[in-house]
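Listed below are the residues making up each chain.
6 protein chains.
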Amino acid sequence: MSETRADGRSADELRPVTIERGWSAQAEGSALISFGKTKLLCTASFTNGVPRWMNGSGKGWVTAEYSMLPRSTNSRTDRESVKGKIGGRTHEISRLIGRSLRAVVDMKALGENTIVLDCDVLQADGGTRTAAITGAYVALADALEWGKQHKFIAQRATPLIDSVSAVSVGIIDGTPMLDLAYVEDVRAETDMNVVTTGRGLFVEVQGTAEGAPFDRRELDALLDLALGGSERLTAIQLAALAEVG
Amino acid sequence: MSETRADGRSADELRPVTIERGWSAQAEGSALISFGKTKLLCTASFTNGVPRWMNGSGKGWVTAEYSMLPRSTNSRTDRESVKGKIGGRTHEISRLIGRSLRAVVDMKALGENTIVLDCDVLQADGGTRTAAITGAYVALADALEWGKQHKFIAQRATPLIDSVSAVSVGIIDGTPMLDLAYVEDVRAETDMNVVTTGRGLFVEVQGTAEGAPFDRRELDALLDLALGGSERLTAIQLAALAEVG
Amino acid sequence: MSETRADGRSADELRPVTIERGWSAQAEGSALISFGKTKLLCTASFTNGVPRWMNGSGKGWVTAEYSMLPRSTNSRTDRESVKGKIGGRTHEISRLIGRSLRAVVDMKALGENTIVLDCDVLQADGGTRTAAITGAYVALADALEWGKQHKFIAQRATPLIDSVSAVSVGIIDGTPMLDLAYVEDVRAETDMNVVTTGRGLFVEVQGTAEGAPFDRRELDALLDLALGGSERLTAIQLAALAEVG
Amino acid sequence: MSETRADGRSADELRPVTIERGWSAQAEGSALISFGKTKLLCTASFTNGVPRWMNGSGKGWVTAEYSMLPRSTNSRTDRESVKGKIGGRTHEISRLIGRSLRAVVDMKALGENTIVLDCDVLQADGGTRTAAITGAYVALADALEWGKQHKFIAQRATPLIDSVSAVSVGIIDGTPMLDLAYVEDVRAETDMNVVTTGRGLFVEVQGTAEGAPFDRRELDALLDLALGGSERLTAIQLAALAEVG
Amino acid sequence: MSETRADGRSADELRPVTIERGWSAQAEGSALISFGKTKLLCTASFTNGVPRWMNGSGKGWVTAEYSMLPRSTNSRTDRESVKGKIGGRTHEISRLIGRSLRAVVDMKALGENTIVLDCDVLQADGGTRTAAITGAYVALADALEWGKQHKFIAQRATPLIDSVSAVSVGIIDGTPMLDLAYVEDVRAETDMNVVTTGRGLFVEVQGTAEGAPFDRRELDALLDLALGGSERLTAIQLAALAEVG
Amino acid sequence: MSETRADGRSADELRPVTIERGWSAQAEGSALISFGKTKLLCTASFTNGVPRWMNGSGKGWVTAEYSMLPRSTNSRTDRESVKGKIGGRTHEISRLIGRSLRAVVDMKALGENTIVLDCDVLQADGGTRTAAITGAYVALADALEWGKQHKFIAQRATPLIDSVSAVSVGIIDGTPMLDLAYVEDVRAETDMNVVTTGRGLFVEVQGTAEGAPFDRRELDALLDLALGGSERLTAIQLAALAEVG
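Residue numbers (the numbering used here), protein chains in the order written: chain A, 1 to 245; chain B, 1 to 245; chain C, 1 to 245; chain D, 1 to 245; chain E, 1 to 245; chain F, 1 to 245.
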């Protein structure tokens, strides 16, 4: 893969990824994550207790909300609070983030505690949902640690089963490429978001033919690329979590 | 695959699928489709003209709305009209249906016409979104035919590029299975919806680990199953459209 | 009355009425009812218990919701769930159905149980509200029977006091006519919906001058016609309920 | 009919009815109307022009909105603006008022002008919808006069075909009674609202069995009572309109 | 200050203020207040008990809602209930009224009781928020008296610490003026609402430069004017409350 | 004033104020502003053209929207988009920011262009509305410059008349203090927000007695403090704008 892209990357290269852990002075866990010019603030809010319908189940709950600041995009988008309703895309992404994070949490080990992950896009340049999942994992890990330190989670419990990250892949002019920036995303014939665990298992695979439908061979090439990218994201997450909090 | 299921099917067997084409006396195209006990009414409404922002583009538009009757489910669900807002799941499925059908329509050939596909679940027993896509295709084909007969579409235009159908697959107790009924769906570790064209290309692949994450080999087995099911669904669609309307 | 109508009926003749009882595999009672081309699915959902404000009253509750599928009408109507609010007409009809059914239920005999009647119009050709009431009665009767079989209602209780049905009447070109189809409804000078019990008593009389106001003699003629129609509807309901469920 | 009531009225007697015409300094027509302790402010707002879909039709439009102040009732009711939606009862009454007033307006003679009738209940003691219709007629008449004076309506046009008023009747302990106060209304077995023109024709008849269903003889007695009451209301309206504005 | 205004007032003169106390037969306290042509109905609804989150606090709660009838204004304004949401201005004024009244209530002395003040504008000609506060105080005082008489408030408790009233001031063509009518309000360069207690202390000062920003000397002149007006409003409130209820 | 505060400041001292100008790569103007731990992202979106009702007026429009991220606060607050409506406080602050910025813009000189200021609170520790105004001014200045460079604003036009900033002041334990942090804000007897121009004139003065009402002398002391603070904020704004963009 020697194809070069607008920003000089090779087809299988991630954009520069940075994670500023503990950005928020208020939240139990937080991360300001960038995938190139895409920037999100991910916070994890820990609450002791669960929604009423889960009372007494001995299990915890993890959920997520995604939103974009009105001027995170190239031209201003109206606020969903002003429109009085949440759009389908926002719903879809919030649900994806929640499912992805729940896949690596042992709800019994979490106990009757709730964690809400808020992923707010400050600047958007493609890949906001994958950056959200990747950053939310770091915020989640810190919030779980906070829960242990404050004795809401048992000392020997291991609520985190694995780590989780996500990356987009797509086919542009016939070439499979990793981590699409916005200008690439709009040109992609096929667009796929892949959520994987640190151990390399799939949590979610969502591939969509935006232009021509794709065949089995193309699907395989995209999955290969994604697994490679996710390995590097896992390393970046580990490095961020290794720093002294 | 010799595993037998609750309803006696083998792992790679579809439920009985029936399509009652032209069920509605009002719509330009319609189909009452059943996948076992799952029943939906799919209608296609043809309108000459497009939304204002597409005026003069020379292209048409296809969109979809999915909804469930309150007592299509085992216990009654509140109406979204009464709640005053549409839930995330409904949004997600409506968008999926729309994208899937657009994948087989040549918008230039459709010309400045709009088709709205309404997929209303009368009875739900798993696989409502895949039945919706499969039935909506039949309604769409008839509505396009109607558009030609009424001269809204040019006589030699070929707006339908391919056919489209969808089926669910999942892993239950380690076994990959085709076309999950509701009782199977809730038990599945991994659940995947696969939308394919009549020619066997992928339009959409959405796999989710509801329980344990899945590996590459499992993913491959699920895709194989889905392609087999979609071949049979394509044949059923063709047979329905071959009947005299 | 020898006046002939577009569909060949005489002025005091109902359209063909059919009731497919037990259409739904999910609901405790259900009926797919047609008045000519008007088709509705009526389901009755039985729940043990009542809304909080009725707890301990020893009485039950019966309520109804009416809705139209977007393409039940000749041209597509936007969904109320998408508009985010329920229109005045829908509210009005839902309330009418609820009041009509409650008129034949002894709430003490029902005990602290709730029945929700959902009347969804699959195809509309005039008289949807009267078909809704007539079909909902059949679904209600079956749901009450279900409640007895499952011991939520006392064995010797008689929650159904009477049967109930409804029919529309109107004055067209000076002639009073029974059971208006859509093309007649829009031309009617006066339009009246009459809800009566199997014993021939009035539950609701709603007459509206759409064109010129009407006099006492016309009002009397309309009531006569309605009572005749309701007698035949009662017989059809009884026949449907006499079949083995 | 010698039955005496809580407030000393005989069964066929109206409560004291007063109309303070021109109460508002802002509206083109207005009336503060009381039926006993029930008080409403009715305003008529005249606008030159019609909704877009009626442009060029040569016809006008008359519509109405009904609302209750939160503390017009005995215990405070939440505002519909705060709840974010309009209830079924409000919708139903607004539509009834609009239909009733339109019945006496010649839309061609009105020309392309719109009149909105706002009926706001300041104090409620039963019969608010009938008082609304009766008062709105006076406001409407003045707004039409205003329209003539300001040349929006042709000088020789006669937009008002007739007058219109409304009154409630009901059966209490077996006795038909006119113009029910709130304490009577809640006890009534049957409750009927009758809208009639000054010439004694029916515009709307809405009878509901709140308790036991009613028979034809009772229905006739209620209609007789209503016609008597409406004759007196017509006289009161005429007297109010005869005063110098 | 010898400047004369459109209505002949001097710059430091209030419009005629009248308070019709006890206007409502339903509410525990009420006042129909006019500031010239501005007219509001203020009601105070007394309920024993407080919102759940205050249970057991031993303290009461006072809150307010402000609204305008659609035709209280010169041209008709759409109802907020119809629009489905409350506008920013309404929210702002409701909150201001609530804060202003709470400033003179000792919540401990009120005990666990709630008072809701509804201020509905029947006719608007500037200064509706200041008239609302001034009238709501009279309604509040009567509702507190009612609470004592009905033993919901302890006999020797003194829930009212002080009285409260409000008045607008503004700068027009360089001259500071008291109690602006609508035509003055739209021309004012600076507009200020001042809420004061009977003892002459400030509860709220809200000054806004609609045109050119204002300097310290102008601010001082406006505050002087407001204090003078509020003294006269206090006297009018006292006189109203001195009448036999 | 030698009183020392929790964070060691003297009563008339601002928290450390920093302005990171041009933080956003998307917006025409932007500033990340901190007042101590309070942090907001302010963006200015420039659009050529004005709302339809201003077409042809030759004037521009400036408006603002304020919002808080759900976890900007110490415990998580539900999103207004999820609640489906905007609260009163949000409305009030958005309106205040809009009015404040409009006070320093010459709408004729701006021409038919629209600027939307979005002020999103990333972290809240008191004074978010004053930081919003102070930061929005910097974003606005850059967006106006952008408008000139892109020829939407005439080269010799001077749309900015003055600069604008805001600061909070309050009385705590009898001592007037500048720029309240959250812990101070909740304890303040009186709380005032003062918006001033760079030339020291008042744009908005909003003082509220949260506890005991305040007298004229206290009001004067607060205004003195605010004018002092605003002088320093003006210097910080100028310094930020002097840097090379």
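Rather than coming from a laboratory, the hints here were simulated on the basis of the structure.
Note that the coordinates shown come from a computational prediction; the quantities given were computed from them, not determined experimentally.
Treat the hints with caution; some may be incorrect.
Because identical chains share one entry, a pair is satisfied inside a single copy or across any pair of copies.
Unchecked claim - Computed list of lysine-lysine pairs in DSBU-like fashion (alpha-carbon distance at most 30 Å, straight line):
| id | residue 1 | residue 2 |
| --- | --- | --- |
| 1 | LYS59 | LYS83 |
| 2 | LYS37 | LYS59 |
| 3 | LYS148 | LYS37 |
| 4 | LYS85 | LYS108 |
| 5 | LYS37 | LYS108 |
| 6 | LYS85 | LYS148 |
| 7 | LYS37 | LYS151 |
| 8 | LYS151 | LYS85 |
| 9 | LYS59 | LYS148 |
| 10 | LYS108 | LYS59 |
Here is what the structure says about each hint:
For the identical chains of this complex, LYS59 and LYS83 are inter-copy neighbours only, at 26 Å across copies versus 36 Å inside a copy, given an alpha-carbon limit of 30 Å. When the C-alpha separation of LYS37 and LYS59 is checked against a cutoff of 30 Å, the pair qualifies neither within a copy, at 38 Å, nor between copies, at 34 Å. Only between protomers do LYS148 and LYS37 lie at most 30 Å apart by alpha-carbon distance; the minimum there is 26 Å, versus 34 Å within a single protomer. Taking the shortest Cα distances, LYS85 and LYS108 never come within 30 Å of each other, neither inside one copy (34 Å) nor across copies (33 Å).
Proximity of LYS37 and LYS108 under a CA criterion of 30 Å is satisfied in neither setting, with 38 Å inside one chain copy and 35 Å between copies. In the homo-oligomer, the alpha carbons of LYS85 and LYS148 never lie at most 30 Å apart, since the shortest distance is 37 Å inside one protomer and 36 Å across protomers. In this assembly of identical chains, LYS37 and LYS151 lie within 30 Å of each other by CA distance solely across copies; the values are 28 Å between and 38 Å within a copy. Taking CA atoms no more than 30 Å apart as the test, LYS151 paired with LYS85 passes in neither setting, with 38 Å inside one copy and 37 Å between copies.
Proximity of LYS59 and LYS148 under a CA criterion of 30 Å is satisfied intra-copy only: 15 Å inside one chain copy versus 38 Å between copies. Taking the closest pair of Cα atoms, LYS108 and LYS59 come within 30 Å of each other only inside a single copy of the chain (5 Å); across copies the shortest separation is 41 Å, beyond that limit.
Consistency note: the structure conflicts with the earlier hints numbered 2, 4, 5, 6, 8.
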